[in-house]
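Visitor: So the chains spell out like this:
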Amino acid sequence: DAGITQSPRYKITETGRQVTLMCHQTWSHSYMFWYRQDLGHGLRLIYYSAAADITDKGEVPDGYVVSRSKTENFPLTLESATRSQTSVYFCASSESINQPQHFGDGTRLSIL
Amino acid sequence: KNQVEQSPQSLIILEGKNCTLQCNYTVSPFSNLRWYKQDTGRGPVSLTIMTFSENTKSNGRYTATLDADTKQSSLHITASQLSDSASYICVVSGPSGGYNKLIFGAGTRLAVHP
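Quick mapping for you: the protein sequence lines, in order, are chains R and C.
Per the working numbering, the very first residue in the first sequence carries number 321; after that it's consecutive.
Per the working numbering, the very first residue in the second sequence carries number 19; after that it's consecutive.
Just so you know, not all the hints are guaranteed correct.
[Said to hold, decoys possible] DSS-like, lysine-lysine: derived pairs with alpha carbons at most 27 Å apart:
1. C/89 / C/119
2. R/390 / C/119
3. C/35 / C/75
4. R/331 / R/377
5. C/75 / R/377
6. C/119 / C/75
[To be verified] Cβ pair distances, simulated, as ranges:
7. R/342 / C/47: 29 to 39 Å
8. C/73 / R/333: 44 to 54 Å
9. R/397 / C/59: 21 to 31 Å
10. R/342 / C/59: 14 to 24 Å
11. C/69 / R/340: 29 to 39 Å
12. R/338 / C/35: 21 to 31 Å
13. C/131 / R/373: 45 to 55 Å
14. R/387 / C/131: 18 to 28 Å
15. C/32 / R/387: 45 to 55 Å
The hints are simulated quantities; they were obtained by calculation from the structure and are not laboratory data.
Owing to the predicted nature of the structure, the values given are computational and were not obtained by experimental measurement.
C-beta atoms are modelled at their ideal positions from N, C-alpha and C, and glycine is treated no differently.
Bound conformation, chain C alone:
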């Protein structure tokens, strides 16, 4: 069964610190891997999209890495800010039945404290 698992479920860090969120998937074959940020009460917003041939992609203080061999991705947040408090969702896209299907992880809830 195609699955996307994220860890940890929740995380608390102090403002200014770095953190890394993990995403393991069993989707195979897959087309691309996405990270989204979801603020409380809002819809998810795209941070990065990586194809299987890309190892790393950055968006400001967010850097996503991908290891297609081990089916693992991570999202690294540098110099965290209070506004980084949100849920971070990993999404894997894989071909299924002739069309791509997005499989969403349950997310990691990050709280940044002053």
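Extracted from the complex, chain R is given alone in its bound form:
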């Protein structure tokens, strides 16, 4: 089915570990985004990508790494997880910067 999927839906890990969150979209949208959502805050942009092999930092990029070797995939890696990175992570895609974003259902990440 067409859409945007995130995996895993839930993840528990320990501080210092590396963890990768996956995002896959089937629309061939140019833009892809990673956000984190924390209680009391609006969604905050971590990284975004305008096309394959083009990525740029958002509002809160520290501690995160992204890559986009293929248009449909946009993985997010926490190189050395910290407790402050416990959050719900949403991936989104859009055809252009002024079109609606389509969000995945999120990955709930807990770092102990």
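Using the hints provided, position chain C relative to the given structure of chain R.
Guide: This is chain C only, laid out in the frame that chain R set:
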């Protein structure tokens, strides 16, 4: 500082009633304003997108209004249903550093009771 503030933080209404959610922003200049609906445990879903030249836009029982002069937007829900229970997020897009930047409000949590 560019900000988007939504009110109220939470709201409880009875099924069948109407309600209005508010969004005030300080983003300037801005490109467009969006409203999203987010069900519990799901990602946000787009309801409307309005440019600065649009005053109102409807999507079924949802009607968004925009006053670019006062930097205010509202989302009106008509004849509410239990399925309208969700968080509603206002997002303002403004040019920054040569590319658009989306600024998200913290959302209004709506509960519709039978």
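Visitor: Taking the hints in turn, state whether each one holds.
Guide: To see whether the hints hold, each was checked on the structure:
This hinted pair checks out: residue 89 of chain C and residue 119 of chain C have alpha carbons roughly 17 Å apart, not beyond 27 Å. Between the alpha carbons of residue 390 of chain R and residue 119 of chain C the distance comes to roughly 24 Å, so the proposed pair stays at or under 27 Å and holds. Between residue 35 of chain C and residue 75 of chain C the CA atoms are separated by roughly 20 Å; this keeps the pair inside 27 Å, and the hint holds. Taking the CA atoms of residue 331 of chain R and residue 377 of chain R, the gap is about 24 Å. The hint holds against a cut of 27 Å.
For the proposed pair residue 75 of chain C and residue 377 of chain R, the alpha carbon gap of about 32 Å is over 27 Å, so the pair is violated. This hinted pair checks out: residue 119 of chain C and residue 75 of chain C have alpha carbons roughly 22 Å apart, not beyond 27 Å. A C-beta distance of roughly 36 Å is found between residue 342 of chain R and residue 47 of chain C, which places it inside the suggested range of 29 to 39 Å. Between residue 73 of chain C and residue 333 of chain R the beta carbon distance is about 48 Å. The supplied range of 44 to 54 Å therefore holds.
At about 24 Å, the beta-carbon gap between residue 397 of chain R and residue 59 of chain C stays in the expected band of 21 to 31 Å. A hinted range of 14 to 24 Å holds for the C-beta pair residue 342 of chain R and residue 59 of chain C, which are about 18 Å apart. Taken as a hint, the range 29 to 39 Å holds for the pair residue 69 of chain C and residue 340 of chain R, whose Cβ atoms sit roughly 37 Å apart. Between residue 338 of chain R and residue 35 of chain C the C-beta distance comes to about 50 Å, which lies outside the given range of 21 to 31 Å.
For the hinted restraint 45 to 55 Å between residue 131 of chain C and residue 373 of chain R, the CB-CB distance of approximately 50 Å keeps it satisfied. Remark: the range hint 18 to 28 Å for residue 387 of chain R to residue 131 of chain C is contradicted by a beta-carbon distance near 46 Å. Look at residue 32 of chain C against residue 387 of chain R: about 49 Å separates their beta carbons, and that is inside 45 to 55 Å.
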